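Residue numbers (the numbering used here), protein chains in the order written: chain A, 17 to 419; chain B, 17 to 419.
Honestly, the hints are just simulated from the structure, not real lab data.
Just so we're clear, the structure is a prediction, and the values are computed from it rather than from any experiment.
We put the beta carbon where it would ideally sit given N, CA and C, even for glycine.
Not one of these hints is a red herring.
In silico DSS-like cross-links for lysine-lysine, where the CA-CA straight-line distance does not exceed 27 Å:
(1) Lys82/B x Lys349/A
(2) Lys412/B x Lys412/A
(3) Lys349/B x Lys82/A
(4) Lys352/B x Lys82/A
(5) Lys382/B x Lys412/A
(6) Lys311/A x Lys69/B
Here chain B is said to cover these stretches of chain A; the calculated rule only asks that three of the stretch's residues, wherever they fall, bring their Cβ under 8 Å from a Cβ of chain B:
(7) 344-351
(8) 361-371
There are 2 protein chains.
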Amino acid sequence: MAVNLRAPDAAQLYPVAGVELGVAMAGVRKANRKDLLVVRLAPGTSAAGVFTKNRFCAAPVLLARKHLTGPVRALVVNTGNANAGTGADGLRRALTVCEALASVLGCKARQILPFSTGVIMEPLPAERIIAGLPQAVADCRVDNWFSAAEAIMTTDTVPKAASARVRLSSGVATVTGIAKGAGMIRPDMATMLGFVATDAKVARGALQTMTRLAADQSFNAITVDGDTSTNDAFVCLATGKGPVARSRKDLAALGAALTKVAQYLAQAIVRDGEGATKFVTVRVERGRSPAECRKVAYAIAHSPLVKTAFFASDPNLGRILAAIGYAGVAGLKTAKVDLYLDEVLVAKGGSRHAGYREEQGVAAMKKPEFTVRAVLNRGRAAATVWTCDLSFDYVKINAEYRS
Amino acid sequence: MAVNLRAPDAAQLYPVAGVELGVAMAGVRKANRKDLLVVRLAPGTSAAGVFTKNRFCAAPVLLARKHLTGPVRALVVNTGNANAGTGADGLRRALTVCEALASVLGCKARQILPFSTGVIMEPLPAERIIAGLPQAVADCRVDNWFSAAEAIMTTDTVPKAASARVRLSSGVATVTGIAKGAGMIRPDMATMLGFVATDAKVARGALQTMTRLAADQSFNAITVDGDTSTNDAFVCLATGKGPVARSRKDLAALGAALTKVAQYLAQAIVRDGEGATKFVTVRVERGRSPAECRKVAYAIAHSPLVKTAFFASDPNLGRILAAIGYAGVAGLKTAKVDLYLDEVLVAKGGSRHAGYREEQGVAAMKKPEFTVRAVLNRGRAAATVWTCDLSFDYVKINAEYRS
Numbered sequence: 017m018a019v020n021l022r023a024p025d026a027a028q029l030y031p032v033a034g035v036e037l038g039v040a041m042a043g044v045r046k047a048n049r050k051d052l053l054v055v056r057l058a059p060g061t062s063a064a065g066v067f068t069k070n071r072f073c074a075a076p077v078l079l080a081r082k083h084l085t086g087p088v089r090a091l092v093v094n095t096g097n098a099n100a101g102t103g104a105d106g107l108r109r110a111l112t113v114c115e116a117l118a119s120v121l122g123c124k125a126r127q128i129l130p131f132s133t134g135v136i137m138e139p140l141p142a143e144r145i146i147a148g149l150p151q152a153v154a155d156c157r158v159d160n161w162f163s164a165a166e167a168i169m170t171t172d173t174v175p176k177a178a179s180a181r182v183r184l185s186s187g188v189a190t191v192t193g194i195a196k197g198a199g200m201i202r203p204d205m206a207t208m209l210g211f212v213a214t215d216a217k218v219a220r221g222a223l224q225t226m227t228r229l230a231a232d233q234s235f236n237a238i239t240v241d242g243d244t245s246t247n248d249a250f251v252c253l254a255t256g257k258g259p260v261a262r263s264r265k266d267l268a269a270l271g272a273a274l275t276k277v278a279q280y281l282a283q284a285i286v287r288d289g290e291g292a293t294k295f296v297t298v299r300v301e302r303g304r305s306p307a308e309c310r311k312v313a314y315a316i317a318h319s320p321l322v323k324t325a326f327f328a329s330d331p332n333l334g335r336i337l338a339a340i341g342y343a344g345v346a347g348l349k350t351a352k353v354d355l356y357l358d359e360v361l362v363a364k365g366g367s368r369h370a371g372y373r374e375e376q377g378v379a380a381m382k383k384p385e386f387t388v389r390a391v392l393n394r395g396r397a398a399a400t401v402w403t404c405d406l407s408f409d410y411v412k413i414n415a416e417y418r419s
Numbered sequence: 017m018a019v020n021l022r023a024p025d026a027a028q029l030y031p032v033a034g035v036e037l038g039v040a041m042a043g044v045r046k047a048n049r050k051d052l053l054v055v056r057l058a059p060g061t062s063a064a065g066v067f068t069k070n071r072f073c074a075a076p077v078l079l080a081r082k083h084l085t086g087p088v089r090a091l092v093v094n095t096g097n098a099n100a101g102t103g104a105d106g107l108r109r110a111l112t113v114c115e116a117l118a119s120v121l122g123c124k125a126r127q128i129l130p131f132s133t134g135v136i137m138e139p140l141p142a143e144r145i146i147a148g149l150p151q152a153v154a155d156c157r158v159d160n161w162f163s164a165a166e167a168i169m170t171t172d173t174v175p176k177a178a179s180a181r182v183r184l185s186s187g188v189a190t191v192t193g194i195a196k197g198a199g200m201i202r203p204d205m206a207t208m209l210g211f212v213a214t215d216a217k218v219a220r221g222a223l224q225t226m227t228r229l230a231a232d233q234s235f236n237a238i239t240v241d242g243d244t245s246t247n248d249a250f251v252c253l254a255t256g257k258g259p260v261a262r263s264r265k266d267l268a269a270l271g272a273a274l275t276k277v278a279q280y281l282a283q284a285i286v287r288d289g290e291g292a293t294k295f296v297t298v299r300v301e302r303g304r305s306p307a308e309c310r311k312v313a314y315a316i317a318h319s320p321l322v323k324t325a326f327f328a329s330d331p332n333l334g335r336i337l338a339a340i341g342y343a344g345v346a347g348l349k350t351a352k353v354d355l356y357l358d359e360v361l362v363a364k365g366g367s368r369h370a371g372y373r374e375e376q377g378v379a380a381m382k383k384p385e386f387t388v389r390a391v392l393n394r395g396r397a398a399a400t401v402w403t404c405d406l407s408f409d410y411v412k413i414n415a416e417y418r419s
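For reference, chain A alone in the conformation it holds in the complex:
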């Protein structure tokens, strides 16, 4: 089902010095599937992260956010259970898992970042996860990124991983990352997770800035169904085993590489969106601020009517104008709005362009990938959001009973 997305070539996923990954089948929810990942980090690794803004954020998110303030030695990720909506008991269980991994690795529990994805409001089977940890740790090696990408899949149909190399002044740095998520949530399986590591040496503050910027241009610019999970997390790790990034230029180059990898991963999540048959770029230009451009882009990308029209390859463009109209942009002059499907001008000055013919719209929308571009003509800002269509399969996947 995924739109123009294939599994990455494992040989093209460059190891990152200082990062070892190991997986196990812990039977969290189902037997015989990889559902546990341990990422072991060299001492001195910097870590930074952005997390869900959902106030019902999961126990592991609370812990990971707290543990990020100090040095980090490992990540532990389970699928099958989100450990969200589980209160104080959920926190205790997440901490138990950190303690168990810390004792295997010989570090402190507060040096472990835990992540969970899966059913909400059910108790985390911590004992099964803990029982799987030795196997995952024994599996730890630097060339295990592909297997790690598989271990964090839930309703994903394709593992998601990417690598980049970037020249800094003191040498070439590697950036490799993995992600999961196929819709913000499916019946039980929640969440988008993204982990990107580099061997570059970067100060924590600079890494946090890069992480925030990369997230804004990747994971924070995608939507499948508009539902923000309780467990979303994007974490960047810098082991410091490779070249140093300290100059402005080096930091910019490394930041760009991180963003590139994050963007690939984020787009892969949309391409593999639940029931997706189309990958759509929504670009809003010439707004007064990036924020208002994003508002308009999300109004288009979230509208069930627009998304079903994408599915049908039906250039029912009034629906897009309607979404622009209700996006909540104060003082928007609709008589100035132009709308394009790829390069086809469909609406000019707020109404149907005289030269537009429906066949042009159909031709653009029949492609598996296309761009909807709205030009507001009231400023200089722009924003881009990536989304997919709303198909029968989205309803099917999400209406299937959990058992």
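On the provided structure of chain A, position chain B as indicated by the hints.
Here is chain B on its own, set in the frame of chain A:
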């Protein structure tokens, strides 16, 4: 498909003195279907309305809003074409229709309120509508409410109309109304329209206040897909042929009757929502303000994940907690939130209630109507929103090609 909704009994739709309704088949988009309604009003009728906040509001909305500032003698409503996204040309065409009806009725064009619903971004076939006007005017009579309700249907499967009688100090007033809308939009057919008339004599200002209050508790408290149409309108008419409503008590009684009729019509729209198989009341209680309660209620009612769970009768309650969490309520303490399905307490203090068993949730959700009740425990305000589920048929209806 409609959930517990049958066509009204025409005999139970009480005529309103001073209101005559006539319909015609004008062939706006398709031949042989009632697609034109004229509502003729006695001189001295007060009128008030609330309109879409969509900035791409349609030409007829602009005109109706303007014409409402003076005396009103008639409404003209067509289906098949929304006359939205049509710019200055659309305004001219809408005005032409008003002028034509004014010349038939012997009044001024600015005394006519025009309404349109249907395809967006296509030119209004004003000539066909104008050609149909004499037939509609000839059909005008006081006992024609059922036929009027049929004439404004688009993807509606059931005509929507309701009547009430209310005792005022100087006699019994009648309130009768009709509405259309079955999802905010379907492929082409947009819009929710509601028209409610009373024979009571009410000052315009008081009527406007009543209309706003009624809208807030009816049409502004429903959602099918969250898409705000370009053409939404709710108009109240008071002919003054019946008892006078001037005292505070009379105004309150009349307002309550208007609200009751509007609420029935609004709920009928949800029951007949595109693809709807469930009618769900979302009630949020003990918030700090009605606004924050509405925010939470709409977050639940708009979530595609929650709506597909409704469709599946799957008490996947984490999805509801997640929606509450991302509703954007500042400072919300999730550990205080309780959640009920009808009378079943499913989450207590933000996590699964110990006594809750899944069978209870399934039993509640299998019913065609149930209530989701979230108790925030941080204030005294409350709000209610009505919605339906998201089914295969919603996608089918909205993905069907327009031709």
